[in-house]
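Keeping their order, the protein sequence lines are chains A, B and C.
Last residue of the first sequence: number 535 in the working numbering, and the count goes up by one each step with no gaps.
Last residue of the second sequence: number 290 in the working numbering, and the count goes up by one each step with no gaps.
Last residue of the third sequence: number 383 in the working numbering, and the count goes up by one each step with no gaps.
Quick caveat, the hints were computed from the structure, so don't treat them as lab data.
Remember, predicted model here, so these are calculated numbers, not experimental data.
Take the hints with a grain of salt, since some may be wrong.
What the hints assert, rightly or not - Partner residues are not named here, just some residues of chain B that face chain C (Cβ under 10 Å, in silico):
hint: 1; residue: F225
hint: 2; residue: Q240
hint: 3; residue: L258
hint: 4; residue: A279
Glycine is no exception: its CB is placed at the ideal position from the N, C-alpha and C atoms.
Each chain, letter by letter, is given below.
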Amino acid sequence: MSERAEIVIVGAGPAGIRAAQTLVAAGLRPIVLDENVRWGGQIYRQPPAGAGFTRTKQALYGFEAAKADAVHTTMAALLPQVDYRPETLVWACDPKHLHTMHGGRETPVAFSHLIIASGATDRVLPLPGWTLPGVYTLGGAQVALKSQGCAIGERVVFAGTGPLLYLVAYQYAKAGANVVAVLDTSAFAAQAKATPRLLNQPATFAKGVYYVGWLRSRGVRIEHGVTLEGIEGTAGVRAIRWQRGGREHSLECSAVGLGFGLRPETQLADLAGCRFVFDDLNRCWLPERDAAGRSSQAGIYLAGDGAGIAGADAAELAGRRAALALLEDLGIAAPVVPDAPDAPAIERKLASNRRFREGIEQAFALPENPAARWPDEMLVCRCEEVDARTLRECVRHDGVTEINRLKALTRVGMGRCQGRMCGEAACHLLAEASGQTFAQVGRLRAQAPIKPIPIAPMLFDENVAAIPEEARDE
Amino acid sequence: MSSSSHSSHDSQPLRAPGQSHPQLTRLAETSRSPVTFYLDGEAVQALAGDTLLTAILTHQRHVRISEFSGTPRAGFCLIGACQDCWVRCESMPAVGGDAQLTRLRACSTTVQAGMRVVTRAADANEVHGGANV
Amino acid sequence: MSETLHYDVVVAGGGLVGASAARALAERGLRVALFERRYCGAQASGVNYGGVRCQGRPEEQLPLAMRARKIWDRLPELIGIDGEFVRSGHLRLARRESDLEPLDAWSAMASGYGLATTVYRGAEFRQRFPWLGDGAVGGSLCLSDGHANPRLVSPAFARAARALGADVHERTPITAMAHDGVRFQLTAQPDEGATLQVSCDWLLNTSGAWANHIAGTFGERVPMHAIYPNMWVTEPLPRFIGHNLGVYGGGVYARQVERGNCVIGGGRGTGDGEYAQPSADTTRAVMREACALLPALRNALLIRTWSGVEGETPDNNPIIGMSRTTPRLVHAFGFSGGGFLLAPGVGDVLADLVTQGETATPIDAFAVDRFAQVSAEV
Numbered sequence: 062m063s064e065r066a067e068i069v070i071v072g073a074g075p076a077g078i079r080a081a082q083t084l085v086a087a088g089l090r091p092i093v094l095d096e097n098v099r100w101g102g103q104i105y106r107q108p109p110a111g112a113g114f115t116r117t118k119q120a121l122y123g124f125e126a127a128k129a130d131a132v133h134t135t136m137a138a139l140l141p142q143v144d145y146r147p148e149t150l151v152w153a154c155d156p157k158h159l160h161t162m163h164g165g166r167e168t169p170v171a172f173s174h175l176i177i178a179s180g181a182t183d184r185v186l187p188l189p190g191w192t193l194p195g196v197y198t199l200g201g202a203q204v205a206l207k208s209q210g211c212a213i214g215e216r217v218v219f220a221g222t223g224p225l226l227y228l229v230a231y232q233y234a235k236a237g238a239n240v241v242a243v244l245d246t247s248a249f250a251a252q253a254k255a256t257p258r259l260l261n262q263p264a265t266f267a268k269g270v271y272y273v274g275w276l277r278s279r280g281v282r283i284e285h286g287v288t289l290e291g292i293e294g295t296a297g298v299r300a301i302r303w304q305r306g307g308r309e310h311s312l313e314c315s316a317v318g319l320g321f322g323l324r325p326e327t328q329l330a331d332l333a334g335c336r337f338v339f340d341d342l343n344r345c346w347l348p349e350r351d352a353a354g355r356s357s358q359a360g361i362y363l364a365g366d367g368a369g370i371a372g373a374d375a376a377e378l379a380g381r382r383a384a385l386a387l388l389e390d391l392g393i394a395a396p397v398v399p400d401a402p403d404a405p406a407i408e409r410k411l412a413s414n415r416r417f418r419e420g421i422e423q424a425f426a427l428p429e430n431p432a433a434r435w436p437d438e439m440l441v442c443r444c445e446e447v448d449a450r451t452l453r454e455c456v457r458h459d460g461v462t463e464i465n466r467l468k469a470l471t472r473v474g475m476g477r478c479q480g481r482m483c484g485e486a487a488c489h490l491l492a493e494a495s496g497q498t499f500a501q502v503g504r505l506r507a508q509a510p511i512k513p514i515p516i517a518p519m520l521f522d523e524n525v526a527a528i529p530e531e532a533r534d535e
Numbered sequence: 158m159s160s161s162s163h164s165s166h167d168s169q170p171l172r173a174p175g176q177s178h179p180q181l182t183r184l185a186e187t188s189r190s191p192v193t194f195y196l197d198g199e200a201v202q203a204l205a206g207d208t209l210l211t212a213i214l215t216h217q218r219h220v221r222i223s224e225f226s227g228t229p230r231a232g233f234c235l236i237g238a239c240q241d242c243w244v245r246c247e248s249m250p251a252v253g254g255d256a257q258l259t260r261l262r263a264c265s266t267t268v269q270a271g272m273r274v275v276t277r278a279a280d281a282n283e284v285h286g287g288a289n290v
Numbered sequence: 006m007s008e009t010l011h012y013d014v015v016v017a018g019g020g021l022v023g024a025s026a027a028r029a030l031a032e033r034g035l036r037v038a039l040f041e042r043r044y045c046g047a048q049a050s051g052v053n054y055g056g057v058r059c060q061g062r063p064e065e066q067l068p069l070a071m072r073a074r075k076i077w078d079r080l081p082e083l084i085g086i087d088g089e090f091v092r093s094g095h096l097r098l099a100r101r102e103s104d105l106e107p108l109d110a111w112s113a114m115a116s117g118y119g120l121a122t123t124v125y126r127g128a129e130f131r132q133r134f135p136w137l138g139d140g141a142v143g144g145s146l147c148l149s150d151g152h153a154n155p156r157l158v159s160p161a162f163a164r165a166a167r168a169l170g171a172d173v174h175e176r177t178p179i180t181a182m183a184h185d186g187v188r189f190q191l192t193a194q195p196d197e198g199a200t201l202q203v204s205c206d207w208l209l210n211t212s213g214a215w216a217n218h219i220a221g222t223f224g225e226r227v228p229m230h231a232i233y234p235n236m237w238v239t240e241p242l243p244r245f246i247g248h249n250l251g252v253y254g255g256g257v258y259a260r261q262v263e264r265g266n267c268v269i270g271g272g273r274g275t276g277d278g279e280y281a282q283p284s285a286d287t288t289r290a291v292m293r294e295a296c297a298l299l300p301a302l303r304n305a306l307l308i309r310t311w312s313g314v315e316g317e318t319p320d321n322n323p324i325i326g327m328s329r330t331t332p333r334l335v336h337a338f339g340f341s342g343g344g345f346l347l348a349p350g351v352g353d354v355l356a357d358l359v360t361q362g363e364t365a366t367p368i369d370a371f372a373v374d375r376f377a378q379v380s381a382e383v
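Go ahead and model the full structure; you've got the sequences and the hints to work with.
In structure tokens form, the structure reads like this:
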């Protein structure tokens with residue numbers, strides 16, 4: 062394995078692909094590490110290749126088909142000029158190496174520069190019953206359909222808030238799934254008020270209006286301003302309960318798609334030593350970056366939803382912009398890529414996009430103080446099965462004010478998901494129970510491995526140095 | 158470590174033979190080639206290109222049993238983030254010896270013909286080399 | 006407000022040693038303040054392996070270890086929780102035949118201190134521990150040893166100290182200290198709030214890997230350097246490891262907690278004296294050794310790695326005892342990775358020194374000035 066330090070891009074979604082394209086155009090050959098089996102990321106996720114999937118891009122991506130196709134085609138054309146490594150997980154990072162795992166083997170990848178385009182997952186707020194079989198994130202529900210041709214259940218309710226709520230419901234209904242309701246926790250009035258900001262991207266806004274209109278015209282029940290109460294069932298989802306306008310409602314269903322927007326995956330940036338700052342728009346901690354995507358660490362760049370939720374179009378722009386910054390830092394002239402905007406144009410578009418995102422956050426705001434409603438028996442941490450009562454008692458009894466301390470004392474975030482699904486909720490609960498703001502409770506620090514990895518592959522390397530005598534404690 | 162997975166649940170079985178209650182429903186892409194694999198010892202069919210999660214959940218409503226509460230889980234995020242869909246898979250080692258249980262993340266693993274997947278709760282006797290202490 | 010707060014004792018450093026000393030002193034009726042610059046029990050006390058073992062220690066540590074071990078049996082009474090302490094027994098493995106004789110010798114030595122251990126080998130060893138792989142040929146079992154959860158135990162001692170009347174100040178580093186000929190004068194600066202002026206008759210230096218700040222201030226630095234233990238943990242697994250495991254010669258230690266996770270450590274991470282990171286290379290090396298002993302680990306998932314900062318001395322023994330330069334200054338630090346079991350006992354010993362001027366537990370081997378050659382450096 063060559064130990065020469067390379068330029069490495071982590072992530073092959075829209076941001077990673079545009080970054081790769083830009084670097085290749087400048088004559089470089091980056092390594093592109095992709096945890097997935099095929100490039101495209103999440104929003105432009107492709108079904109498996111060579112297995113007889115036949116749906117067209119139109120069917121898969123709807124209005125985004127052209128963009129998805131452009132991103133896919135770009136990467137396909139780049140393959141001979143990059144070192145593309147799919148099904149490769151980056152599990153740890155030290156100052157000079159990424160530790161990667163692929164096909165049951167480990168490979169260290171020496172890097173000189175790193176573009177982190179690690180993407181996002183759904184932002185999840187729990188409710189009673191959320192661990193039942195049949196409850197999936199909105200993104201998960203979308204992947205089931207897009208990538209596997211499946212609906213998450215026979216009778217599906219979509220719940221939460223955010224533009225994805227309506228997009229996935231629309232995609233499901235269009236594909237023939239039985240969508241029995243869309244339950245939006247945001248008030249319709251909030252969405253109306255956000256319209257001026259949303260009109261920063263008129264095409265996107267129009268699509269949103271279209272999805273809602275389409276669903277209504279098919280008789281799909283849509284409710285706004287709901288308060289989700291719980292999901293019922295034992296072997297799996299049986300019904301969902303909510304409250305609106307002071308009245309209780311429930312609906313039988315066999316699956317719930319649940320989500321409240323997106324949250325960035327920042328573990329690699331954290332392990333790479335990037336400084337973090339609380340972002341009021343995203344309402345979460347983000348790795349610090351300048352307008353070009355440079356992080357606080359020399360040689361490390363950030364692009365796409367993994368550095369702050371901005372959507373697929375912004376991710377493409379940010380990927381290119383970060384690559385341009387990297388080239389500038391190497392003293393290499395910006396390449397000519399047909400139809401590609403230059404750095405100032407990208408930064409203008411990203412700034413405009415941020416105003417649109419403000420509209421999204423206004424239209425689809427998270428419920429205020431969500432933790433106040435959570436019953437004591439509700440599980441906050443699904444991996445470790447830590448309930449709200451345990452967290453509240455710890456705060457009360459031990460005077461905890463900081464989230465890593467809460468993790469150490471209650472095990473919240475210590476399970477396999479490493480806080481991805483519960484971290485936000487735990488912070489809301491800690492803030493509420495300790496009388497602090499969400500930002501004041503801090504952020505869960507990332508710990509390697511970035512995701513759980515099997516031990517067997519780590520035993521293969523014959524070159525592992527034995528533990529030296531002086532380091533052998535009993 | 159964990160109690161029987163069936164003891165505390167209501168009448169709806171997790172997967173009764175001959176009467177499956179799948180979680181996922183297929184809407185499209187149903188012309189793919191069938192793939193036979195083993196689910197808790199029973200031969201069942203999936204379609205080529207199914208993830209292990211899809212393959213399992215088109216037959217039953219769980220992919221694993223929580224080691225703490227004995228309650229069923231069926232994954233959550235489908236993109237390899239929530240880590241709630243890890244299943245055990247019997248693999249035959251290269252040279253003789255007992256079958257070893259390996260760990261697979263069902264949503265990001267493609268089902269292969271002949272795979273032997275275990276979704277019931279683990280117990281110490283299944284841990285290779287482990288007598289229950 | 007700049008009035009001086011006066012205490013009988015100030016404990017500098019809120020790890021398990023400091024917290025247990027504060028608890029013991031408060032219990033004996035003294036006015037105690039503990040100052041911890043971050044959170045109690047979050048440094049070495051919180052990141053260590055969690056072994057509660059007398060077995061394998063050098064002879065000079067045994068009286069202190071035996072005294073400490075008795076305190077572990079009283080955790081619920083003293084700190085309100087059991088800290089997940091389990092009397093699992095400690096099995097110290099022999100990886101080769103030549104390791105058995107030292108195990109026999111240690112066993113004979115320890116029995117003189119009232120500690121019972123049994124060395125197994127050959128067919129009897131195999132029969133008793135069928136879940137162990139080929140990596141061991143025998144082992145010494147100490148049934149009274151066990152393990153506990155350091156993240157819970159250490160903060161709980163601090164809470165118990167507070168409940169008994171000690172003033173426990175977290176996020177409050179001591180920024181200046183001096184002795185005025187009669188007592189100590191200290192300045193402490195909370196992260197939030199006004200500066201505190203503090204005076205005290207006794208000062209306990211329990212600041213772990215950073216104890217040379219205080220020791221150096223009073224002219225008695227010791228040759229201690231920071232070490233970074235390398236720790237990792239698996240997902241929960243069905244229970245298959247019956248005892249807290251170690252090996253003669255060190256390098257790997259493994260325990261399985263009630264919930265099923267296997268906590269394994271060995272070797273070193275990396276760090277800068279303030280913060281530490283685990284090392285992927287070390288983790289791999291320890292995994293090889295652990296899987297040789299416990300083949301079932303091969304099929305498990307690694308879910309977390311961590312490290313922390315501990316203070317190690319040249320002879321791997323702690324510093325415990327009176328200062329040689331300054332009256333009523335007591336040192337207790339440098340536990341070299343083996344402090345978890347000892348710390349509650351050390352707290353009692355420190356309380357003895359403060360209240361009686363002496364302690365029945367032999368601590369001469371831990372004298373602060375035993376490394377005479379360093380006294381010239383400050």
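### Query
Holds or violated: is there a CB of chain C closer than 10 Å to the CB of A279(B)?
holds, 5 Å
### Query
Hint check: is the beta carbon of F225(B) less than 10 Å from a beta carbon of chain C?
Given a least distance of 7 Å, the restraint on F225(B) holds.
### chain C contact restraint for Q240(B) - C-beta distance below 10 Å
Holds: closest Cβ of chain C sits about 8 Å from Q240(B), inside 10 Å.
### Query
Under the criterion of a CB-CB separation shorter than 10 Å, is L258(B) in contact with chain C as hinted?
holds, 5 Å
Comparing the model with each earlier hint shows no violations; every hint is respected.
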